[in-house]
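Work the whole structure out from these sequences, hints included.
Protein chains: 2
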Amino acid sequence: MRWLKFTAAGDTSWGLVEGDTVTTVNGDPFGEWNKTSKTHALKDVKIELPLIPRTFYCVGLNYLKHLKEAADKAGTVPNVPDRPEIGYRAQNALIAHDENVVIPAGATEKIHYEGELVVVIGKKARHLTEANAMDCVFGYTIGNDVSERSWQKADRGLWRAKNADTFKPMGPWIETDVDLDRMETAIRVNGKETGRFRTNEMIFGIVPFLVELSKYFTLSPGDVIWMGTDGASPDLKDGDVVEIDITGIGILRNRFVKEKV
Amino acid sequence: MRWLKFTAAGDTSWGLVEGDTVTTVNGDPFGEWNKTSKTHALKDVKIELPLIPRTFYCVGLNYLKHLKEAADKAGTVPNVPDRPEIGYRAQNALIAHDENVVIPAGATEKIHYEGELVVVIGKKARHLTEANAMDCVFGYTIGNDVSERSWQKADRGLWRAKNADTFKPMGPWIETDVDLDRMETAIRVNGKETGRFRTNEMIFGIVPFLVELSKYFTLSPGDVIWMGTDGASPDLKDGDVVEIDITGIGILRNRFVKEKV
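First to last, the sequence lines map onto chains A and B. Residue numbers for the first sequence follow UniProt numbering, so the first one is 1 and each next one is one higher. Residue numbers for the second sequence follow UniProt numbering, so the first one is 1 and each next one is one higher.
FYI, nobody ran anything at the bench for these hints, they're computed from the structure. Keep in mind that a hint or two might mislead.
Unchecked claim - Distance ranges between label pairs, derived from CB positions: (1) Ile52/A - Asp135/B: 43 to 53 Å; (2) Gly31/A - Thr7/B: 40 to 50 Å; (3) Lys68/B - Gly31/A: 48 to 58 Å; (4) Asp11/B - Lys215/A: 33 to 43 Å; (5) Ile52/A - Glu18/B: 13 to 23 Å; (6) Lys38/A - Lys110/B: 50 to 60 Å; (7) Thr7/B - Gly27/A: 18 to 28 Å; (8) Glu109/A - Lys110/B: 49 to 59 Å; (9) Asp135/B - Glu193/A: 41 to 51 Å; (10) Gln152/A - Gly75/B: 26 to 36 Å; (11) Thr7/B - Lys258/A: 46 to 56 Å; (12) Gln152/A - Lys73/B: 40 to 50 Å; (13) Met1/B - Lys73/A: 47 to 57 Å; (14) Lys123/B - Asn100/A: 49 to 59 Å.
What the hints assert, rightly or not - Using 20 Å as the maximum straight-line C-alpha spacing, the simulated DMTMM-like pairs for lysine to aspartate or glutamate come out as follows: (15) Lys110/B - Glu243/B; (16) Lys124/B - Glu175/A; (17) Lys258/A - Asp238/A; (18) Lys153/A - Glu85/B; (19) Lys260/B - Glu243/B; (20) Lys215/A - Glu109/B; (21) Lys43/A - Glu175/A; (22) Lys124/A - Glu109/B.
Claimed, not checked - Derived coverage of chain A by chain B (criterion: at least 3 residues anywhere in the stretch with Cβ under 8 Å from a Cβ of chain B; other residues may be distant): (23) 90-98; (24) 170-183.
The C-beta atom is built at its ideal place from N, Cα and C for all residues, glycine as well.
Structure, rendered in structure tokens:
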């Protein structure tokens, strides 16, 4: 199933996407819901952010190529994680598919995308095992972990480098049925492919992360875990359109525009 | 005004505390509300977590003594911040006044408190100035930034060291009227004072943080900013009761108990 949060004729609700049609749902996918008879053409609705997570988890380094490229640039040896560890991103930065990423006035030209698979939690879960970990996963969406690399280098933490308003596009919808091992993530800038990797070739996969996190954390419906990215991005500039295309989910597309001051 | 989220007779709502009495309020302090005629004795109600912030901001290093003690322990020179930078904590870790901090089964004895002033945002705000920054502050509460120092040292980030379930007690209520310059933070373990500092003697105060954060972030009603702590904590053990007492706000009290496995 493909769950879309959308607005049509001033009403925001959940819907189910089949082909080019959205069927309005009463309720929400994490609780009680039922399909109505109301439908819209997908092209006629405003796609909204699927949700604001209670806790917004994000894996920093989870693909070998990304790690090596970052180390090469810094002139260091890649420090490959020996166990799954998690970071966080900030809710203020989330925007929907087709909304603009605003490059802050004081930013440098080092604005990069990171195309990521996003795991959406569907059930309260603690102390998961390898055998039952995937039961708490509701579905998958796409994230763009936009980063300002000069700030990332200069600051003590990732606050403005990764969490400036609009730096976390997520969407366009949540897909519940995917084949992780057949997925590829392709990234395009202004229609031209600039990166491609096998989505599930992670240093640590979804199951090890769910098991490790749930040793310490209660996962809640609507929490998200961004799973990291591979490869590197060119510098993005005012007007660039970035598409992140993951097999079986869809395309997350956002235009980058410079803040007007 | 002193805003309390509480449960009585199975109903959870906001209330206003005057002396030892809570008056139930319809609505909530960030939107429309009105006082009802229903009152309870404060001692008869269950005190709830005031709110779950959309974005959970937390200042890492903001008091000189804390910085120096941490540097001394690490055998390094204190690296005093030259500008306000922010970190994050995780919503899963929040608990209310009088709820138990559960020390995870795998934790070492290096469990520490950090008593912090918490700023609660009341209005949507971006690009604040020194002159208008304080207008977006709704009030103040108290936080205990519980930390497992061995994990803090061993891990790449602060995930389980500071965000394990129950590691973020916050409360007991939100006080809107305080005199920042007359506040002291006192911390007691099992009734014995173990730390005391002037709450507002920060390296960077509330105004510089609000101005800097709002250059990049839209602050939202219910967001919180934990302002950092001074001094150091003894190692806490199973059964210890920690009280954080801030002048004009109140006392946040939590018992620490070892996880049963």
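Can you name, in rising order, the numbers of the hints this structure does not satisfy? 1, 2, 5, 8, 12, 14, 16, 19, 22, 24
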